[in-house]
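For the record, the sequence lines run as chains A, B and C.
Those letters in the first sequence? Residues 0 to 304, per numbering that gives the first Met the number 0, in order.
Those letters in the second sequence? Residues 0 to 369, per numbering that gives the first Met the number 0, in order.
Those letters in the third sequence? Residues 0 to 181, per numbering that gives the first Met the number 0, in order.
Read the hints as simulated data drawn from the structure, not as lab findings.
Some hints here could point you the wrong way.
Said to hold, decoys possible - Footprint (simulated), chain A over chain B, 3 or more residues, beta carbon under 8 Å:
hint, segment
1, 68 to 74
2, 191 to 204
3, 246 to 253
4, 263 to 275
Glycine included, each C-beta is placed from N, C-alpha and C at the ideal position.
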Amino acid sequence: MIEKDLTARAENVPVIPARSEEIIELAEGEKIVKTRPHALLPVVTNYCPGCPHGIMNRLVAEVLDELDIEGKTIGVAPVGCSVMSYDFFGCDMVEAAHGRSPAVATGIKRVHPDKVVFAYQGDGDLASIGMAETVHAATRGEKITIIFINNAIYGMTGGQMAPTSLPNQVTQTSPYGRDVHTAGFPVRICELLSTLDGVAYAERVCVDSPKSIRNAKRALKKAFECQIEGIGYSIIEVVSTCPTNWGMTPQKAFEWMRENMLPYYPLGVYRDVKADGFQDIYGAAAKRAEGCPIAQPPAANEGSK
Amino acid sequence: MATNKVLMKGNEALAEAALRAGCRFFFGYPITPQTELAAYMSKRLPKEGGTYLQAESEVAAINMVYGAAAAGARAMTSSSSPGISLKGEGVSYIAGADLPCVIINVQRGGPGLGSIQPSQSDYWQATRALGHGDFFMPVFAPSTVQEMANCVYDAFNVADKYRTPVMILADGMLGQMMEPVVMPEPIDPATLPEKPWATCGHGGERFHNVANSLYLVASKLEEKNVERFKRYEIIKATEQRAETFLCEDAEIVLVAFGASARIAHSAVVTAREKGIRAGLVRPITLWPFPVDTLATTFDTARAYLSVEMNMGQMVDDVRLAVNGRAPVEFFGRTGGIIPTPAEVLAQIERIAAEKGLGGCCCTCKNSDEA
Amino acid sequence: MASTRIVLAGFGGQGILFAGKLIAYAGLIEDREVSWLPSYGPEMRGGTANCSVTVATEPIGSPLVLDPNVLVAMNQPSLDKFVDTVVPGGFIIADSTMVPNIPDAASLANPGITVYAIPATELAEKNDLKGLANIILAGKLWECTHFCERETLSAALAKCVPPRKQHLLEPNERALQLGIES
Chain A
0 MIEKDLTARA ENVPVIPARS EEIIELAEGE KIVKTRPHAL LPVVTNYCPG
50 CPHGIMNRLV AEVLDELDIE GKTIGVAPVG CSVMSYDFFG CDMVEAAHGR
100 SPAVATGIKR VHPDKVVFAY QGDGDLASIG MAETVHAATR GEKITIIFIN
150 NAIYGMTGGQ MAPTSLPNQV TQTSPYGRDV HTAGFPVRIC ELLSTLDGVA
200 YAERVCVDSP KSIRNAKRAL KKAFECQIEG IGYSIIEVVS TCPTNWGMTP
250 QKAFEWMREN MLPYYPLGVY RDVKADGFQD IYGAAAKRAE GCPIAQPPAA
300 NEGSK
Chain B
0 MATNKVLMKG NEALAEAALR AGCRFFFGYP ITPQTELAAY MSKRLPKEGG
50 TYLQAESEVA AINMVYGAAA AGARAMTSSS SPGISLKGEG VSYIAGADLP
100 CVIINVQRGG PGLGSIQPSQ SDYWQATRAL GHGDFFMPVF APSTVQEMAN
150 CVYDAFNVAD KYRTPVMILA DGMLGQMMEP VVMPEPIDPA TLPEKPWATC
200 GHGGERFHNV ANSLYLVASK LEEKNVERFK RYEIIKATEQ RAETFLCEDA
250 EIVLVAFGAS ARIAHSAVVT AREKGIRAGL VRPITLWPFP VDTLATTFDT
300 ARAYLSVEMN MGQMVDDVRL AVNGRAPVEF FGRTGGIIPT PAEVLAQIER
350 IAAEKGLGGC CCTCKNSDEA
Chain C
0 MASTRIVLAG FGGQGILFAG KLIAYAGLIE DREVSWLPSY GPEMRGGTAN
50 CSVTVATEPI GSPLVLDPNV LVAMNQPSLD KFVDTVVPGG FIIADSTMVP
100 NIPDAASLAN PGITVYAIPA TELAEKNDLK GLANIILAGK LWECTHFCER
150 ETLSAALAKC VPPRKQHLLE PNERALQLGI ES
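Bound-form chain A, shown alone:
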């Protein structure tokens, strides 16, 4: 059934004729150690060569496979380079307007609280036009998972300044470099969101080496588990690159990223309420508001009334 539907889809997206494992002839002694994840459809993506979106799409799919949740997951695609990802992921998908993914994801999750909902967003989408939706979904503690690809530039529209473009970074719309006196400073999303009580897990990762990719996958899995366990909102920020619009080779882009982006956007866990010893965001929030009687859970409040 999947193959038949994909053929009908071929007008939109080029389809890889069959799953890779079926067309590889193994010689004696050879074995397949890695195949395309089931949750990633056998289609050709629209990403530029060397773009980390391909890695991240795959990691998300691998996590859906490993947690065996493709069938109960609904993904929300953004506007940006990954806009077409609704054609790449095998789970049910909804395409949102620019920046609105957290609101759309909220609507889906409220209808299906027992399902898994993720939104996959870029920096212009999440941190600029969709900042209100981002902050409020986070502070509401929506049980959703956000995958945030931060490559410090608007990729799809051709390399304009993003909310996360670095000071003095040259882009199409900051041709003399981002002047912090007129264009202000970049937004650090993990730091910002970690101040909010609704956030259960926030971690910043990158995917510039096999080691960091494995680490990113671990973080991603943790974020999904956090949602499944009902702990709260989770976000994984991926410090990424844009070889095409940065005008660099993929290797050079990773070098530039390590040299300039990582000092500004340090990797690591920014919030983990479970590691802090709380069952969920509600316990953590109550503790944080310890001196405020009205903010305590009703059970703890009963005595005082």
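Chains B and C: place on chain A using the hints.
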């Protein structure tokens, strides 16, 4: 008194009727004069196992509706004029993704922040272009609290049937006023027809569903839009709704919807007492515009008068429908002013005098004793 | 009267909207055509409040009453604002505790208007009915118009007082009767 007849505000009747129509997901944002609707939902929905969510903005609210509608639920949002403008983006995406939902606009005066008093100045926005792109949406315009309750059912049914956003266009007067109302029988959401297109998780049972309005191949988008407009033709042919009052022999036909129709109705009654053959066509759907009902007046009508609470918007649709058969005039008040029956009557009398119709000494059937 | 068109006006908090609702409910109980329309917006916060109530035998056109046959005024600005809209033969019922300048019927533009000056707020306080001046005036309104049966009015009161505030029913009923007899 019918035991199930209660006194209710229009805003509350819309909310209660939505609940009874199986809507369990409401996403709103405070704005006068629709606030009672959201407040009612916030009180009732949690007790019905539903979700009331006060969004961070109108923009977020409509996108939550988009998500909930894609997920297969009957979902609704409500606002008033300035807030509806903000929802325009989301409505366009919902139309483009062929998703059903209901949007309520309890209109107030505009443009800009305008006033908070009743108005009908969002007619064009509702019937022409709430958002960008090639699309329409059915628009219901109730004129009593009872009709507000009833049309919520129609709105959800039409939305589900044609997979389209549907708007209920009310105004501050209808939203705030109380009238007796008998609530329709409740529907259990579990008994509503299944939505096989919903993005609710495929469970390994089917290929993935996608809710989307993006088509990068031009021919594909054209195909999609043409298909949607074929559906619009069916809607135009089958979903027009209107009511006529004293139109059988009407020479002066008033056309008015919602709150202004109530005033036009009073003016027609008085005009008849004065011997003027006036009648009223009251569109209940503004899109599709009830051209078929209007056509039934062509034989007798010598003039049309569109009565609106704006600077003249629906009058365009009346002119298109009448298509030069008779002059089409306009009377309206704007800014939040409700026209009076006396003002409308004066217009009817002026037209009657100009056309030499009824009400003058020779044909006077009048009267004061009537 | 085929149609009773009422404007009730005063300060926010005087119970103008509630008195209007009581009248509307009485109409509903007798299966008449009824509408109730409040003023809304910033004036709700401590400013003037008013509402239009119509009880009729024919379907009601505009619920906004521009030509009332009864005006109930609970403050001076409200009386001044609506006094000239009352139709010939109509009634003006003013709370004289709150409205110092109540015009003579003879000085009004329209003929045949009956003006009642009822010290409703004072009466309420004297009779341990604080806050029920609105109901006293509603009683007077009924006495002027007989827009419904007397029992209906009590039945409407029972409907309007929420179940958790049933202890307020008795004072409300007393206020109503006090108004009728004043």
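Against the structure, the hints come out as follows:
Chain A is given as covering the segment 68 to 74 of chain B, and this holds because 6 residues of the stretch bring a CB closer than 8 Å to a CB of that chain, at least three being needed. With 7 residues bearing a CB less than 8 Å from a CB of chain A, the segment 191 to 204 of chain B meets the requirement of three and the coverage assertion stands. Proximity of the segment 246 to 253 of chain B to chain A, defined as three or more residues with a beta carbon under 8 Å from a beta carbon of that chain, is not established by the 0 residues found. Evaluation of the coverage hint for the segment 263 to 275 of chain B: breached, as 0 residues show C-beta separations to chain A shorter than 8 Å, against a requirement of three.
When each numbered hint is compared with the structure, violations occur for hints 3, 4.
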